[in-house]
Every structure is written in C-alpha cells, then in structure tokens.
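Asker: Sequence:
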Amino acid sequence: MPDAMQMADEALRLVGVDAQQADVLALQAIEAAAPSRDHRATSTAWRARGLAAREVEQLDHAESHLRHAVLAGRRAGKETLAEARMSLALVLLGRGDLTQARRLARLAVSALTGVAQARARVQLALIEQRSGALAEALDSYGLALAALRKHGDVLWEARLRNNRGILQAYSGRLSAAERDLTRAAELYAQEGQEVLAADVHWNLGFVAGLAGDPVRALQCFADAGERLAAAGVSRGSHFLDRCQVLLSVGLVDEARQSLVAGMGELVQRDLVSDLAEAQLLLSETLLAGGELGPAQESARDAVASFERQGRASLVLLATFALLRATASDGSADVWLTASATAESLRRAGWLVAATDVGLMAAQRAVAADRPVPAALVRVAETAARSGPAGQRMRAWHTVALARLSQGNAPGAAQALLAGLRVHEQHRTTLAATELQVHTAARAQSLAETGVRLALRSGDPARVLSWVERWRAGSLLVRPVRPPTDGVMAEGLAALRAVTAQLDEARAAGEESARLQREQRRLERLVADRSRMIRVELHQGRVATEQELLQRLGSRALVEYLEVDDVLMAVVVADGRSTLHTLPAPTADTEMAALRVGLARLARGGSMGMMAATEAAVAAGVQHLYDQLLAPLATRIEGRSLVVVPTGQMHAVPWGLLPLARDVPMSVAPSASVWLAAGERRRSRRGPAVVVAGPGLPGAEAEAAAIAGVYGPDALRFGAGTAMVKEVTAALSGSSYAHLACHGRFRSDNPQFSSLELTDGPLTVYDLEAVAAPPSVVVLSACDSGLSSIHPGDELMGLSAALLRAGTRTLVASVAPIPDELARVVMTGFHTAVLAGSSPAEALVQAREGLDDAGRLRAGALVCFGAG
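First residue of the sequence shown: 1, per my numbering; consecutive thereafter.
Hints were generated in silico from the structure; no laboratory data involved. The reader is advised that the hints may include incorrect statements.
What the hints assert, rightly or not - Pair ranges (Cβ atoms, derived):
id : residue 1 : residue 2 : range
1  : D565      : E848      : 48 to 54 angstroms
2  : D223      : R149      : 42 to 48 angstroms
3  : H580      : G290      : 47 to 53 angstroms
4  : S36       : D139      : 39 to 45 angstroms
5  : A312      : R521      : 30 to 36 angstroms
6  : P631      : Q550      : 25 to 31 angstroms
No residue lacks a Cβ here, since even glycine has one placed at the ideal position from N, Cα and C.
Work the whole structure out from these sequences, hints included.
Answerer: Right, dumping it as structure tokens:
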C-alpha cells in the first residue's frame with residue numbers, strides 16, 4: 001500500500017485531472033500520515049485539498065484547507081512551508097487580497113531553490129499579472145521558464161505559458177500570446193491534463209476575440225465549454241470573456257444579460273477579484289447601451305474595488321472607463337486627463353488600453369476645439385494600420401477628425417473611407433446575419449461624419465454615396481453557398497417540435513413553464529451555432545449615381561436620411577440628383593397609430609366604427625404624405641418610384657400614399673440592394689410553389705386560387721402537408737412562391753421570426769439555408785413585411801432574409817389585411833406577373849379594380865427589392 005507521502009503527491013497530480021478524486025485521496029493521505037506525524041505528507045495533502053477546492057472555485061474551503069497546510073508546513077521544513085504559502089497566495093489572489101498574496105508569494109520564492117523556486121516564481125508572476133504589474137510579471141516568467149525547461153518540468157512550463165499568453169494578449173502582443181497558448185495546450189495534452197488543456201483552449205478564444213475574430217473566439221469557447229462540462233468543471237469567470245466578444249460585435253443586450261447573471265454567480269462563490277473585473281466590464285456594457293449614469297456608477301465601483309485590492313494599474317483601466325462614460329454625456333472636457341491616463345497605461349504595459357485612451361483623448365481634443373497633440377495623432381495613425389478591426393476603425397475616425405481640425409477635408413474623407421473599408425472587410429468574416437447586422441454600429445461614427453462632410457459640400461451625389469457606404473450593407477454580403485451545420489439543423493427541428501407542443505399546451509390552458517425553458521435553450525443553441533459558422537462570403541458593390549441613373553430610366557429614386565434630427569431626401573431622376581430638407585420626422589407613435597387603424601379595418605366591425613377608423617387612417621396617410629412625398633412632388637410626380645426609407649419609415653404602408661398608390665413602386669433597404677436585386681435573373685426554371693399554412697382562415701382558398709393561376713405544374717402544400725423540410729426543398733430553384741401562412745415577427749429576436757407550417761415554424765434561419773430562393777416571393781400573412789431596424793438601417797426579419805438569400809422581389813404586408821381581400825389582390829397579382837408585368841406593376845394592377853375601402857386596406861401590401 002502506498003505511504004502517506006506517495007498518496008499526497010498523487011492527490012496533487014490529480015488536481016487538474018479529477019478534483020473530486022484528488023480531494024478523496026488527500027483525505028486518505030492525511031489519515032495515513034497522522035499516526036507517524038508525517039508533517040510533510042500532511043501539509044502536502046492539505047495543499048492538494050485546497051487546490052482541488054480552488055479548481056472548483058470553492059475559495060472559502062480552499063483558504064481553510066491551505067491554512068491547515070501552512071500550519072503543518074511550519075513543522076515540516078521551509079520548502080514544504082513555502083509551497084503551502086504559495087498555494088494559499090493563489091487563493092488569496094482570487095479573493096481579492098492581493099497585498100497578502102504578493103507577500104506570501106515573495107516569501108515562498110526566497111525560501112526555495114531550483115525547480116521549486118521556479119514554480120513559485122510562476123505563481124508570483126501570476127499574482128503580479130493580476131495586480132497589474134505586467135512588466136514585473138513578464139520578467140518573472142522569463143526567469144522561471146529557463147529553470148523549468150532546464151529541469152524538464154513539462155506541467156509547470158505549460159502553466160507558465162498559459163498565464164504568460166494572457167499577459168501577452170493584454171499587452172497587445174497577440175502573436176506571442178497565440179504561440180504561448182498553443183504550446184501550453186500541447187504540453188497539457190501530452191501529460192493527460194485534459195481539463196487544463198480545455199482551459200487553455202478557452203484562453204485561445206479570448207485572444208481571438210481581442211484579435212477581432214469573434215467567430216473563432218466563440219468556436220473556442222464552445223469547444224472548451226463542452227470539454228469542461230464533460231469533466232464536471234465550471235468556471236465562474238468564463239462569462240467575462242464571452243461577454244467581451246458579444247460586445248465587440250454589438251450584441252449589447254445579450255452581453256448585459258449574461259454579465260448580470262454571471263456576476264451573481266461570482267458573488268455566491270466569493271470570487272472578489274473576478275467580481276471587480278466584472279464591474280469594469282459592466283461599465284463598458286452599460287456605456288454601449290447608452291446608459292451613461294449607470295456606466296459611470298459601475299466604473300466608480302470598479303475603481304474602488306481595485307483600490308481596495310491594491311491593483312494600481314487596473315485602477316487606471318477603471319479610470320479610463322469612467323472617463324469614457326463622463327466624456328460621452330458631454331459633462332466634462334476630459335481630453336487632458338485622458339492624455340495623461342494613456343501615458344500611465346502605456347508605462348504600466350497595458351498597450352491596447354493605452355491606445356484606446358489615446359484615441360479618445362484625440363477625439364475629445366477635437367470636440368473641445370483644441371489642436372490634437374502630434375503624439376496622439378501618431379498613435380492614431382499607427383493604430384489605424386494594424387490590430388483589431390474595431391480599434392482600427394476608431395483610429396481612422398480619430399485621424400479624420402484631426403485632419404478636419406486642420407482644415408484638410410479631402411484628407412479627412414480619405415481617412416473615413418479607409419475606416420469604412422476596414423468595417424466592410426471585417427463584415428465578410430462573419431457568416432451569421434445577426435453578427436453582420438449588429439457590427440454595423442461600430443462604423444456609425446465614421447459614416448455619420450462622412451455624411452456631415454458631404455452635406456457641407458452641398459453635392460447630392462456625394463451625400464448619396466456616403467449614405468450608401470453604410471446603409472443596409474449586410475444585405476450586400478451573400479454567401480457563395482448557404483451555410484450548413486448538422487447540429488444547427490437538428491436544433492431547429494427540435495425547436496419546431498417544442499414550439500408546436502408549447503402552442504398546444506397554451507391552447508389547452510396547460511402548464512408550459514418546462515416547454516418555455518426548453519424553447520429558450522434550443523433558441524440559444526441555434527443562435528450560438530449560427531454565429532460559429534464560417535462560409536465564403538461575397539461582398540457586393542456600393543451603387544454609384546451613374547449606375548443608378550442608367551438603371552432607373554424614367555423612374556425616380558427617393559433615398560431618405562436623417563442627420564442631427566433633420567430629415568432629408570436625395571432624389572435621383574432626370575439625369576441628376578437633388579437634395580431636399582423635409583419636415584420633422586414622423587413620430588413613432590403616429591406610425592403605430594396608423595398600423596393599429598389598419599389592423600382594425602382588417603378585423604371589421606360596425607359601420608360607424610369602420611367609418612371612424614377609415615377617417616383616422618386617411619388622416620394619418622395624409623400626414624405621412626405631407627411629410628415624406630409632397631415636398632418632392634415636382635421631382636417624382638407621375639413616375640414609377642424606388643423608395644429607400646430610413647428608421648421607422650421601413651414600416652410605412654407606401655401603397656396608401658398619394659403619388660405612390662397609382663404608380664409601380666418598389667421599396668428597398670438601400671439603393672445598392674435595389675440595384676443588385678435588379679441584376680439577378682428574373683425567373684428560375686423550377687415550378688411555382690404555393691403554401692397554405694395551418695390555422696389561417698381563408699388560406700386554403702387563397703392557395704387554391706393562386707395554384708389555379710400557375711396550372712397543374714405548381715407545387716401546392718396544404719395545411720396538412722406543409723412540412724418545413726419539404727417546403728424549403730421545393731422553394732430552392734423555384735420560379736415563384738406564394739406563402740399564405742401565419743406570420744410571427746419576433747422583435748426580441750428577429751432571426752426567430754417565422755411562418756407557421758404544419759410541423760412548426762419556418763424561421764429566418766431556415767430561409768437562409770435555401771440554396772436558390774425563388775425569384776419572386778409573396779408573403780400574404782399579417783406583418784410579414786416588418787423588420788427590426790438597427791444602426792445603418794440594417795434589417796432583420798423574414799423579408800430581409802429572403803432579399804439577403806437572393807430573392808429578387810418580395811411582396812409582403814406591413815399591417816393586417818382581410819383574408820378575402822388578400823385572395824382577390826393576390827390572384828390578380830400573380831395573373832399580371834404571368835402575363836409579363838413586373839411585380840411592382842402587377843401590384844398596382846391588382847388594386848385597380850378595388851373600391852376606395854378595398855384600396856385603403858390593400859395598401860399595406862408592399863413590393864420590396866427590385867420591383
């Protein structure tokens with residue numbers, strides 16, 4: 001039977017493999033050592049128990065066990081005592097007592113020699129690193145590495161490289177970080193330390209996030225998370241890294257929800273050191289969400305926490321966060337303070353943060369109408385040419401502002417364009433629509449400055465060009481082939497089944513909490529998988545004025561923009577562009593009231609109520625016309641129209657407005673998207689697809705009428721046969737498609753907006769996987785044309801998904817319309833399309849035979865895309 005010391009040593013070895021088994025064996029070693037009073041074995045075993053408890057983040061138990069190890073170590077000799085002190089120092093680090101942790105670590109290093117000293121030096125370096133003493137930590141790692149390699153200590157070399165890799169990353173040396181971490185993972189795997197290898201893989205994701213590669217970061221996090229979960233290990237601080245990546249791609253709400261939940265876990269586990277870092281990240285998250293007051297409060301909390309813990313350079317980071325939040329509300333001129341903070345961070349080794357502070361200082365100097373110091377301009381010019389995409393974009397914006405302050409408008413425009421090109425290149429690395437859409441917010445300041453600069457020139461063509469550089473750019477990025485992922489497909493199938501069960505339970509009045517939890521879990525799975533997909537992407541081009549004029553012919557294009565609360569429009573027609581200032585933008589409440597009125601008209605009611613509602617809707621329509629089209633009448637009257645809305649105008653029922661109701665009109669997210677859609681083939685060889693979803697009165701009659709237009713070759717799916725897999729397979733390569741199904745627009749998560757089929761929802765994710773979508777699609781369900789609107793007029797929803805996938809023209813509703821009216825209008829529409837009319841012309845023709853009441857109700861149907 002092994003003696004007590006052998007058992008204690010084996011318990012230490014097991015800490016990184018199986019913490020629970022290590023604890024059991026350590027207890028046995030303590031019992032075995034008691035009769036002979038083997039203090040060395042006792043101290044080592046208590047140390048193994050403490051490190052095992054630390055491994056599962058039970059820091060109160062870990063500290064208690066390690067204090068027992070120190071007590072036994074005092075009787076065992078200086079080396080055993082030093083090792084116990086070193087382990088206790090690591091636990092105190094996690095609990096936020098950095099002063100005591102450094103004191104114990106230094107005592108341990110001074111008491112040890114050889115490989116034991118090298119190991120202690122590795123842990124001292126980690127404490128210095130977490131304290132913010134980056135230069136000292138780097139020196140300590142260098143001294144320890146030479147000794148560890150000399151003695152062939154593979155496990156401790158791996159530990160050193162893992163820790164140093166994180167330090168290198170924070171210091172901006174990302175290639176060096178990648179090399180250290182990759183080697184650490186190899187060494188851990190070589191020694192069978194799978195849990196520790198998984199930790200390193202997580203850290204590789206952290207480095208990928210800093211490098212501006214969120215897809216790889218999320219892939220690493222998912223892989224490492226699965227491996228840790230399989231080993232029964234949870235890391236309370238891992239959510240911090242994931243939140244940082246979510247923030248980097250603009251998923252602010254999700255980052256905040258995850259952060260708040262994770263901070264609660266840190267409080268429960270008493271991880272004081274990590275909690276202070278979480279407070280700092282919360283400040284950044286709140287600032288990204290525009291909550292300036294709470295962001296300042298959280299930054300102050302972080303400053304206070306770091307001061308209590310003696311983490312001086314991290315106080316600087318938190319001070320920077322406070323500066324950013326203060327500068328954002330315009331309450332203080334902070335550029336001098338920011339300049340000083342940047343220099344302090346640079347001296348402390350926080351090179352990435354120092355660069356960001358320098359950029360902010362330069363921007364605030366411009367805002368304060370002060371000359372930008374040459375040193376800060378050099379920082380910006382250097383940062384603009386290397387590093388993560390987000391930082392390069394901020395740097396180019398800083399360079400542009402500095403040039404503007406010097407009166408160099410052409411140079412400023414060049415810098416702004418360079419920054420937008422960085423944004424466009426970065427977007428093509430993101431396959432997930434959600435990431436492409438949200439990351440546009442990072443280019444907002446570049447684009448808005450460019451538009452203001454163009455407005456200053458008074459050149460409408462230049463204004464149009466700048467607006468188009470940013471508007472709905474994700475719709476110009478198309479996959480060479482649709483993404484495929486087996487896990488995601490299985491998740492969508494399971495989600496459909498659960499959603500169907502949930503609908504049944506709700507209809508029966510049964511308890512549904514379990515099903516709701518499962519639905520949320522599956523939605524998270526699908527969303528996460530979509531973000532990790534990599535496919536080859538094609539970046540479409542931005543339309544020029546000349547290209548638009550050639551394609552428009554006798555038509556007119558109206559592109560709206562809002563700058564500094566002023567609504568304007570660029571009109572392209574008759575061989576020229578003109579810029580117009582319009583009345584104040586329509587309030588969201590007025591738009592909502594109009595949609596409510598249209599919904600009431602669709603439901604029907606008493607004659608008196610219908611008359612009053614029709615009058616209210618007519619008044620709302622006239623108000624919209626007076627704001628949006630009347631000031632442009634001399635340029636657009638009598639012409640077919642292409643309309644590019646902005647903001648909430650995407651939900652306007654344009655077919656109701658005078659000057660637009662009787663002419664062919666298409667609505668596009670951007671002029672470039674309209675141009676690209678028009679260049680696609682007008683038809684496909686496949687048969688028409690007609691679908692009637694379940695639970696929708698009139699859907700079967702509508703589908704029968706439409707199928708009759710296309711004849712016996714049409715593929716028709718009824719309420720009992722409209723299965724998602726079969727319908728999506730039929731859609732690929734078809735010529736025309738008509739889907740009369742219940743539509744659900746999910747404002748909380750537009751990618752789960754759906755059409756209801758027999759076996760459950762056909763979501764945006766399903767549509768994005770259609771290899772060759774129909775040239776023309778009609779969605780006759782209520783609200784199927786609605787989209788969620790994000791910075792840059794980026795759209796998410798069913799209509800945006802079809803245009804992104806390659807559909808040339810989409811007809812959909814932005815408000816409810818009566819079932820019988822939908823059947824009549826849609827039958828007329830498809831008949832006209834087959835007779836050779838364009839979809840935009842066909843929609844006008846389908847409304848011509850209606851009375852005034854019918855035309856009012858049918859105005860909610862909008863032609864999107866090429867028209």
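Asker: Next, verify each hint and record whether it holds.
Answerer: How the hints compare with the structure:
no. : hint                               : in the structure
1   : D565 with E848: 48 to 54 angstroms : 39 angstroms, violated
2   : D223 with R149: 42 to 48 angstroms : 29 angstroms, violated
3   : H580 with G290: 47 to 53 angstroms : 30 angstroms, violated
4   : S36 with D139: 39 to 45 angstroms  : 42 angstroms, holds
5   : A312 with R521: 30 to 36 angstroms : 43 angstroms, violated
6   : P631 with Q550: 25 to 31 angstroms : 26 angstroms, holds
Comparing the model with each earlier hint shows violations of hints 1, 2, 3 and 5; every other hint is respected.
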